[in-house]
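**Student:** Chains as they are written, first to last, in this note's numbering: chain A, 1 to 457; chain B, 1 to 457; chain C, 1 to 457; chain D, 1 to 457.
Hint data in this document are derived by calculation from the structure and do not stem from the laboratory. Check the hints yourself; a few may be wrong.
No distinction is drawn between identical chains; accordingly, a pair holds when it is met within one copy or between any pair of copies.
Restricting the straight-line Cα-Cα distance to at most 27 angstroms, the calculated cross-link-like pairs of lysine-lysine (DSS-like) are [claimed, not checked]:
| no. | residue 1 | residue 2 |
| --- | --- | --- |
| 1 | 407 | 306 |
| 2 | 262 | 370 |
| 3 | 262 | 21 |
| 4 | 306 | 21 |
| 5 | 318 | 5 |
| 6 | 21 | 5 |
| 7 | 5 | 407 |
| 8 | 318 | 21 |
| 9 | 378 | 430 |
| 10 | 21 | 370 |
Quantities reported herein were computed from a predicted structural model and do not represent experimental measurements.
The chain contents come next:
Number of protein chains: 4
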Amino acid sequence: MFLTKVRSEGLAHLSYIVGDKGQAAVIDPRRDCQEYIEIAYAQGTAITHIFETHKHEDFISGAQELSRRTGATIHHGANLDFGFGSPVHEDDEFFVGNLLLRVLETPGHTDESISLVLTDTTTGSNPVAVFTGDALFVGDVGRTDFYPGQEEAKADLLYASLTEKILPLGDHVIVYPGHGAGSVCGSGMAEREFSTLGLERLNNPMLQLSRSDFVKRKSLENHVKPPYFSVMEEYNARGNAPRLDECALPTPMAVDDFAQAKQDGMQVVDLRMPEAIAGALIPSSLAIPLSMIPAYAGFFLKPSQKIGLIVDSYEQVKTAMRHFQRIGLDHVIGFIEEGLHAWEASGRCFERIPTVHVRDVVRRIQNEDKVTILDIRKENEFQAGHLRGSMHVFLGHLEERLEEIPKDRPVITFCGSGRRAIVAASVLKKHGFEEVENCLGSMQACAANGCPVVSYS
Amino acid sequence: MFLTKVRSEGLAHLSYIVGDKGQAAVIDPRRDCQEYIEIAYAQGTAITHIFETHKHEDFISGAQELSRRTGATIHHGANLDFGFGSPVHEDDEFFVGNLLLRVLETPGHTDESISLVLTDTTTGSNPVAVFTGDALFVGDVGRTDFYPGQEEAKADLLYASLTEKILPLGDHVIVYPGHGAGSVCGSGMAEREFSTLGLERLNNPMLQLSRSDFVKRKSLENHVKPPYFSVMEEYNARGNAPRLDECALPTPMAVDDFAQAKQDGMQVVDLRMPEAIAGALIPSSLAIPLSMIPAYAGFFLKPSQKIGLIVDSYEQVKTAMRHFQRIGLDHVIGFIEEGLHAWEASGRCFERIPTVHVRDVVRRIQNEDKVTILDIRKENEFQAGHLRGSMHVFLGHLEERLEEIPKDRPVITFCGSGRRAIVAASVLKKHGFEEVENCLGSMQACAANGCPVVSYS
Amino acid sequence: MFLTKVRSEGLAHLSYIVGDKGQAAVIDPRRDCQEYIEIAYAQGTAITHIFETHKHEDFISGAQELSRRTGATIHHGANLDFGFGSPVHEDDEFFVGNLLLRVLETPGHTDESISLVLTDTTTGSNPVAVFTGDALFVGDVGRTDFYPGQEEAKADLLYASLTEKILPLGDHVIVYPGHGAGSVCGSGMAEREFSTLGLERLNNPMLQLSRSDFVKRKSLENHVKPPYFSVMEEYNARGNAPRLDECALPTPMAVDDFAQAKQDGMQVVDLRMPEAIAGALIPSSLAIPLSMIPAYAGFFLKPSQKIGLIVDSYEQVKTAMRHFQRIGLDHVIGFIEEGLHAWEASGRCFERIPTVHVRDVVRRIQNEDKVTILDIRKENEFQAGHLRGSMHVFLGHLEERLEEIPKDRPVITFCGSGRRAIVAASVLKKHGFEEVENCLGSMQACAANGCPVVSYS
Amino acid sequence: MFLTKVRSEGLAHLSYIVGDKGQAAVIDPRRDCQEYIEIAYAQGTAITHIFETHKHEDFISGAQELSRRTGATIHHGANLDFGFGSPVHEDDEFFVGNLLLRVLETPGHTDESISLVLTDTTTGSNPVAVFTGDALFVGDVGRTDFYPGQEEAKADLLYASLTEKILPLGDHVIVYPGHGAGSVCGSGMAEREFSTLGLERLNNPMLQLSRSDFVKRKSLENHVKPPYFSVMEEYNARGNAPRLDECALPTPMAVDDFAQAKQDGMQVVDLRMPEAIAGALIPSSLAIPLSMIPAYAGFFLKPSQKIGLIVDSYEQVKTAMRHFQRIGLDHVIGFIEEGLHAWEASGRCFERIPTVHVRDVVRRIQNEDKVTILDIRKENEFQAGHLRGSMHVFLGHLEERLEEIPKDRPVITFCGSGRRAIVAASVLKKHGFEEVENCLGSMQACAANGCPVVSYS
């Protein structure tokens, strides 16, 4: 008997494989699914079942890919007409060796959301754990904003699922949620990824609310919805995402070829750290630090777009490809290793996005310098505290709101730490802003330096 | 924040590393401790604390080794005079980033046993999990037979620790025990390694008993105590196990050198599967399948003994060395790869331990053939059901009870599956028994074939 | 600049990747070609060229597969109408960075065979190395028996290629051949895989011969030609081998399912060592030790045949799949791990192929026991020395010559070491021979024991 | 039979392991010697012999460390009184399986230098290869400047060794040298690491010279001799380098602890790329890009010095530790991962070393701006071509010549590509130069941009 969590960094997506006596079930597999196979087969178990707790919005489901490789059957909630797999209903039961998985219909996040209750029949009939998908997280609950105009109804539905289906399973039940901290599918998740229903009942802020307060709070939430979500939704409903082995593989490119491809429309994406962008950046690049791809690449890149990467090493290409493929950006055609070294040596132009220390930002504010402090964090982060005089545009909306930003003065981009601000800075550069700087350390450093902070909360 | 379980296969020893904000604590580290370092450092955390829930009997603690490499402080219960580290007491608290570890004194298994209660201060003040060492397992509780003559008193102490200290933490608390199924530190553990106090309260058979029944049941238990335990106990109390980097490394040996070393007293240990032993075995070898080393090597080998291995590949040597070093068998001097291939090609003698199908065993019983069916399983296994007419000697006691076994007839060794029986068979061969056979499939196959089984339970 | 040899064990196939300044060429890639990509990309080089020194007979070329993944162009000799790539001619030149590859047409092994002369233009114009494909090996030269009836003409052609094209490049030139010792594409290759033209001129026995002696010697050679060669030849001429990512992946199977599939026609292939087969073997299995797959599986298995594996661990499945896929055995549908453990525990029947020590064989010969000593080595091995009274049938021809082997007496299979003899033994068992034994140690052990050996040479 | 080259990147040190029939010899092992063991044991060979072609100056020999772990005997030239191992003399022979290693005394680089001639006795008596240590490289020959005042005599000795001992072995002999391109032990080595004596006879510029020209040319060479060489020489002569397993391991450090340690004397070494240093640098850091450690760390750091690292990831620490330990910098006590992220977030000060495009450098030269272009390349590189008006100080001598550099104007550091220049720039910053910039792309980019270059050659 084994249960292994497989985490997709960045997406903070959590999937699970649970097996016993030659059989294994995977819950919410991701598209790059070989890892489940390696885990299962090393344990001598075939992958026999795949469960989707709901239709994912933020990544491509690996159910089809994994089923193709293993022959496992796919199961999902009945309240959506999926183009593949077979629907399950309340109290349906599936044995995986001596483990029993029972279906709970837990709508709210989506109509077809299900939870799966795990019982270990070798030790008793009490439920041991529950896979809650996007219904219940550690410290938060799922989004209910995917049905425009029905936010309140869905929130109410979720409340019922949580309080009438999930929590009654008992305090002793371990919770295995579909996402951890950092996911765009919630904002209040704890960093801790292990919990029980008892702990959530006691500590989860959302579970301390009355039904009406719960619904009200959910209705007021303001979640990001990157444009790529709609592509994911279609892929995941129809099961028609391209096969991974038919996607092109990026190759190392000579500087001349890279420059030519760029001229022919390839978007350069520079995956280095913000500090390195201060040294050199190919004009018109998007600077998206490697770890920021899952959360932000989907705002700025389209599935059909050709992409060329700047990386430190080939290992980073492999990591980046996983990130890109998980969200359907399948057209990465090439890359240059060792950063801009070869580009520089070719004598080609590069530009820079200088770094600014937070003290200089403060000094400039105090001097009343003509400068825009552009805070690109999420709405709730901004409201919780920001530098006096700073302008707020959420990074995901930046390209649509460029005209609001004054072009006649320097812009200093600002975020929680500097890694999202560099994305914003590169977007501005790309769109013709000449003096763009990136504040390193950002909000944390402000706190440490006693900077003047305005808070709305 | 991260919590990772590190499992030592065979010993079924479970250790844990938990970290947050640059700090990490390891609970019950094993001697080959580099893995904790890799986990911690990859997360950007230093290892700052090492906790020993109790003085281990079945493996060498890695506390000293890990402390030497990381500078971490060592902490253990106060009711034993350890030769290293510093004692902790009830309610002592240690912060690891935002995680809080609080000490519970939970004697019973040993006097100095402690449990560690984990609280995640970022989400509330309720305990999240408890590291129970050998006090509470999933489906079982710790042994209480280490203080001769005080079995009842220790069982009573353990009962109090469980019911007055641990269970009151609440049903919602996750349990992280020191061992899983297969450990010699218990016999009723569940295969499932994840649980909560609520689940244990509901399902753990030992926790369903009254205080007096609990004490009675514990007093009647019959656990194995291999001779190497006493070495472990001294190492772990004094902290004087040899440094790993000062232990000799085994080298590949030529057949001639191997034969010479054998003649000079080196014990040959053949790590291949029982089936292969049916093909060829160097005379006087001990056949201990690789996965059987942790549980049984300590009965037949002494810390000072020179050992030479027969393996399929060098990878197996590395696995075997981890197993041997964990129990203090540090004098493995060499090995031969690719099984007995080179030995055979050299024209040297080999012998065989033929395999027997369970149907043949039954047929021979029914024919009343002159043969000894030697069942070498544990007492409780034997009592739960065995072949009619079979003789019982527990594998660990075999060498002391050889004279009880008739030498005038064939012996068929018998266990649950065939992997322990081959150890017994090789021991018999080594001690001059001429006709020794090994029954493959054993008890499970008996059941499948409807063999005549006697049960005492 | 880098040059890396990629060896396919068992096939003893040697391929090469050579790169410089962002470009790389692969010579004679194998079907499982991801390794070339990893090597090239880690060096920051794209794979730009693929060369085939000739149409391979003994494995599936990876040219198409690699080209599909990298976009590299494929080049091969002009004297065959390949269904893909483009033909090259004498003195055609290709730059890979500062490295120059020049084509030498070197027919003989096949008509379209080419060699590639490597010059490092940064250090001078002298050739540095030559990739000789199957024209020249270390210690041997290529086979010339692929055009029935033209053996002498092809041998003469090869002599000319060697003495007029290759050797004149100079003693100082490093040789990179297409095969090493153990390949079925030659029989006299040295174990050493590195050499120079000077060394071959001095030491290669075939290059010490006059033209007429060379032709005579080649005409007398007697090479194996497994049935799967014809499939390889078609795949490699047309470029129509199935895409690797469309081949089924084997899954772990439950014993019941495995038994059912066997009944439905799946061939069980047992990859364990000969010694283990002495312990237990599923009836009708083929016993092919893992390392024997490349050389012998193609004699006994067909591309369309469903195969089920018995292995020790999943790692072995991965190794086996590489071996199977390289020779087009794409229908491995499942496997059982941990050897026959689960099969035995299910109580199902197993049989055995006992092992025999070489001394017992000799004793039986001397006793004039009624027994067939079946020597299944290659013709030349048999002639170089064999046990008095033994019968010779080459392993590859065994299934066609079964009726020659007496069924009324035990058969002892015999080879150089025991790993080929077990294949033969399992074939006999499968075809109803009841008493089959396998001699371990075999010819080497005979020598060590002073057994009576007959030699024809 | 196998022969594997083990390359130490950066040092461009080449060592070799050659094995046959259960035995293996290692030539010139490095201090981190586990890799030889893994290679040998996976091949079923013990490491039986260790040869030192000479006393190394540029790295710590692993002979003692490897001997300690394997029991292999150590052999080296007789013309130096080593504190360990045993001396060998001309024509001494050692068998490694069927391979024969014969000693050639080939002094010149050092007095005790030997070469080892490899013969494969299975194929003939002609030498197959020669391990030349630092006598002969691909495209160059060894340094002869280690005996002050005897440069000409040693050059003459080397000439004799090359022309009377090594070349006469024959054109067909493969050369395995002790270093490849990039080593400080030569300056003209080819990038190609494989060659033969014939190729060197034809192409090696040094072997085209008459004896007197050879001696003259060698006497004029100007090699770097970093201060750490003297430590290596003592370690390698006496065999008293510290055991690797007794060296401290660096741990992740919290920013506060790192800052405190820095204040207490720890030298911060920032291993990130030059571009990242343009973003942020802890004041007083040495910026040494990871790949520059082997060649330049020994100029700026002392064996006793405590070092703290700035890295992107823990993987880089492991790479850096190998580099540091190879040259005896054993006191790396801690590191911070993810670059300066945590440092910045703490609000602490950082400084920057801005990057300059080569066109701006040229423009400033043409404008006659008050700026120092500081070219820090090697003497021969500078002479082969440099920017008009640039000042030359070799990087290795920079700290001794700081007073020559004007402090009243900006300094732009300049090298072949930008990675050495950043070291220089950080040294200047550390010593109080305020305006320091680093030119990216450097000499290659100059060529591409048609910059005004002065050449002395």
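**Student:** I want to check one pair: residue 318 and residue 5. Are their C-alpha atoms no more than 27 angstroms apart within a copy, between two copies, both, or neither?
**Tutor:** both (21 angstroms within a copy, 24 angstroms between copies)
**Student:** From the Cα coordinates, with 27 angstroms as the cut-off, is the pair residue 5 and residue 407 best called within, between, both, or neither?
**Tutor:** Answer is neither; intra-copy 48 angstroms and inter-copy 54 angstroms both fail.
**Student:** Given a CA cutoff of 27 angstroms, do residue 407 and residue 306 count as a within-copy pair, a between-copy pair, both, or neither?
**Tutor:** neither (29 angstroms within a copy, 49 angstroms between copies)
**Student:** Measure nothing new, just compare the shortest in-copy and cross-copy C-alpha distances for residue 262 and residue 21 to 27 angstroms and report within, between, both or neither.
**Tutor:** Between copies only: 21 angstroms across, 53 angstroms inside.
**Student:** Between copies, within a copy, both or neither: which fits residue 378 and residue 430 at Cα up to 27 angstroms?
**Tutor:** within (22 angstroms within a copy, 39 angstroms between copies)
**Student:** Is it within, between, both, or neither for residue 318 and residue 21, if the alpha carbons may be no more than 27 angstroms apart?
**Tutor:** between (34 angstroms within a copy, 22 angstroms between copies)
**Student:** Up to 27 angstroms between alpha-carbons, please classify residue 21 paired with residue 370: within, between, both or neither.
**Tutor:** Neither way: residue 21 and residue 370 sit 69 angstroms apart in one copy and 38 angstroms across, limit 27 angstroms.
**Student:** Classify it for me, residue 306 with residue 21: is the Cα-Cα distance of at most 27 angstroms met within a copy, between copies, both or neither?
**Tutor:** For residue 306 and residue 21, only the inter-copy Cα distance (24 angstroms) is at most 27 angstroms; the intra-copy one is 46 angstroms.
**Student:** Could you figure out if residue 21 and residue 5 sit no more than 27 angstroms apart (CA to CA) within one copy, between two copies, both or neither?
**Tutor:** both (19 angstroms within a copy, 22 angstroms between copies)
**Student:** Between copies, within a copy, both or neither: which fits residue 262 and residue 370 at Cα up to 27 angstroms?
**Tutor:** Neither. Shortest intra-copy (35 angstroms) and inter-copy (37 angstroms) distances fail the 27 angstroms Cα cut-off.
Checked against the numbered hints listed earlier, the structure breaks hints 1, 2, 7, 10; every other hint is satisfied.
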